[in-house]
Amino acid sequence: MRITCPYCGERDRREFYYRGAATDLDRPAPDAGEEAWENFVFLRENPAGVTRDLWYHEGGCGAWVVVTRNTVTHEVLETRLASEARS
Amino acid sequence: MDKLIAKNPCEGLLPLTIGSVTLTEEEPGVMTALAPYKGKEKDLSAALKAAHGMAYPAPNRATGKAGSRAVWFGHGQAMLMGPAPDASLAEHATVVDQSDAWAVVWIEGEGVEDVLARLVPVDLRPAHFKRGHTVRSLLFHMTASITRVGDRAFQIMVFRSMAETLVHDLKTAMEGVAARG
Ligand SMILES: [Zn+2]
Chain X
1 MRITCPYCGE RDRREFYYRG AATDLDRPAP DAGEEAWENF VFLRENPAGV TRDLWYHEGG
61 CGAWVVVTRN TVTHEVLETR LASEARS
Chain H
88 MDKLIAKNPC EGLLPLTIGS VTLTEEEPGV MTALAPYKGK EKDLSAALKA AHGMAYPAPN
148 RATGKAGSRA VWFGHGQAML MGPAPDASLA EHATVVDQSD AWAVVWIEGE GVEDVLARLV
208 PVDLRPAHFK RGHTVRSLLF HMTASITRVG DRAFQIMVFR SMAETLVHDL KTAMEGVAAR
268 G
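Quick note, the sequences are listed as chains X and H, same order. Residues 1 to 87 (the numbering used here) are what the first sequence spells out, left to right. Residues 88 to 268 (the numbering used here) are what the second sequence spells out, left to right.
Because the hints were derived from the structure by calculation, they are not lab data. The reader is advised that the hints may include incorrect statements.
[Said to hold, decoys possible] Which chain H residues stay away from chain X? Per the calculated CB distances, all over 10 Å, these:
hint: 1; residue: Asp-89
hint: 2; residue: Glu-200
hint: 3; residue: Val-222
hint: 4; residue: Glu-251
[What the hints assert, rightly or not] Restricting the straight-line Cα-Cα distance to at most 25 Å, the calculated cross-link-like pairs of lysine to any residue (SDA-like) are:
hint: 5; chain 1: H; residue 1: Lys-125; chain 2: X; residue 2: Leu-54
hint: 6; chain 1: H; residue 1: Lys-125; chain 2: X; residue 2: Gly-9
hint: 7; chain 1: H; residue 1: Lys-217; chain 2: X; residue 2: Ser-83
hint: 8; chain 1: H; residue 1: Lys-127; chain 2: X; residue 2: Arg-69
hint: 9; chain 1: H; residue 1: Lys-217; chain 2: X; residue 2: Thr-4
hint: 10; chain 1: H; residue 1: Lys-127; chain 2: X; residue 2: Ala-48
hint: 11; chain 1: H; residue 1: Lys-129; chain 2: X; residue 2: Leu-54
hint: 12; chain 1: H; residue 1: Lys-152; chain 2: H; residue 2: Pro-123
hint: 13; chain 1: H; residue 1: Lys-125; chain 2: X; residue 2: Asp-12
hint: 14; chain 1: H; residue 1: Lys-129; chain 2: X; residue 2: Gly-62
hint: 15; chain 1: H; residue 1: Lys-125; chain 2: X; residue 2: Ser-83
hint: 16; chain 1: H; residue 1: Lys-217; chain 2: H; residue 2: Lys-125
hint: 17; chain 1: H; residue 1: Lys-127; chain 2: X; residue 2: Arg-80
[To be verified] Which chain X residues stay away from chain H? Per the calculated CB distances, all over 12 Å, these:
hint: 18; residue: Arg-19
hint: 19; residue: Gly-20
hint: 20; residue: Ala-21
hint: 21; residue: Ala-29
hint: 22; residue: Leu-77
Even for Gly, the Cβ is constructed at its ideal location relative to N, Cα and C.
Please model the complete structure; the sequences and the hints are all you need to start from.
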């Protein structure tokens with residue numbers, strides 16, 4: 001698997017640390033209520049298809065990258081800097 | 088207080104020549120991490136030019152020359168190597184002294200790309216990676232900064248605590264390439 005870092009270009013998967021679903025970018029407001037917080041902390045989609053993940057270019061430039069990819073075809077559809085991306 | 092003895096990161100380990108490739112330690116002088124404030128990269132670049140004669144490097148690039156270099160060092164930072172940082176830089180960036188925190192080596196010679204190809208998952212051959220190009224990548228299991236500084240020469244930096252591992256990994260790769268003749 002190869003991931004294109006917005007800074008470094010296409011790199012081997014071994015340079016990246018996998019964080020998980022990109023829901024971290026949509027942190028609820030402190031007063032959003034129990035349900036919103038329970039969803040945020042515990043509940044994740046498990047799609048057969050397109051998913052958005054956070055990856056850290058640990059063995060590279062140190063940027064957090066939002067990767068949109070297809071879990072069925074393994075195709076990487078888009079990569080963006082997390083510092084610039086919001087859903 | 089006892090007199091302290093200055094010791095280089097690769098003291099007792101280098102220099103080393105195997106086959107056509109030579110590995111030496113570089114004494115980089117003062118090393119300063121520069122992280123421009125939001126929207127201040129252009130101002131920092133102008134200040135760098137005025138004070139030290141080189142622009143702030145774009146991603147994957149190094150500016151300046153031997154003895155006075157600015158190396159792109161990842162997301163939002165560059166490493167100034169050589170001169171003590173001018174006070175004007177601090178108006179546009181966080182300025183952090185990292186002198187002595189890095190092991191800096193120079194690897195040079197015919198076939199040097201073949202040595203690095205055994206350790207680094209990036210194509211460093213001259214057609215893709217020219218003088219003044221730099222990468223943050225892995226060297227075997229370590230994060231490293233790798234810059235082409237000549238036709239057959241690279242500067243490599245890793246954390247100082249990894250100096251012995253760096254020399255070991257490079258030596259093993261140099262031996263492997265040399266053994267193929
Ligand atoms: Zn990167």
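The hints, checked one at a time:
no. : hint                     : in the structure
1   : Asp-89                   : holds, 39 Å
2   : Glu-200                  : holds, 17 Å
3   : Val-222                  : violated, 7 Å
4   : Glu-251                  : holds, 20 Å
5   : H:Lys-125 with X:Leu-54  : holds, 23 Å
6   : H:Lys-125 with X:Gly-9   : holds, 23 Å
7   : H:Lys-217 with X:Ser-83  : violated, 29 Å
8   : H:Lys-127 with X:Arg-69  : violated, 34 Å
9   : H:Lys-217 with X:Thr-4   : holds, 20 Å
10  : H:Lys-127 with X:Ala-48  : violated, 43 Å
11  : H:Lys-129 with X:Leu-54  : violated, 29 Å
12  : H:Lys-152 with H:Pro-123 : holds, 21 Å
13  : H:Lys-125 with X:Asp-12  : violated, 30 Å
14  : H:Lys-129 with X:Gly-62  : holds, 22 Å
15  : H:Lys-125 with X:Ser-83  : holds, 12 Å
16  : H:Lys-217 with H:Lys-125 : violated, 30 Å
17  : H:Lys-127 with X:Arg-80  : holds, 22 Å
18  : Arg-19                   : holds, 15 Å
19  : Gly-20                   : holds, 20 Å
20  : Ala-21                   : holds, 22 Å
21  : Ala-29                   : holds, 24 Å
22  : Leu-77                   : holds, 22 Å
Figure legend: structure checked against the earlier numbered hints; hints not met, in rising order: 3, 7, 8, 10, 11, 13, 16.
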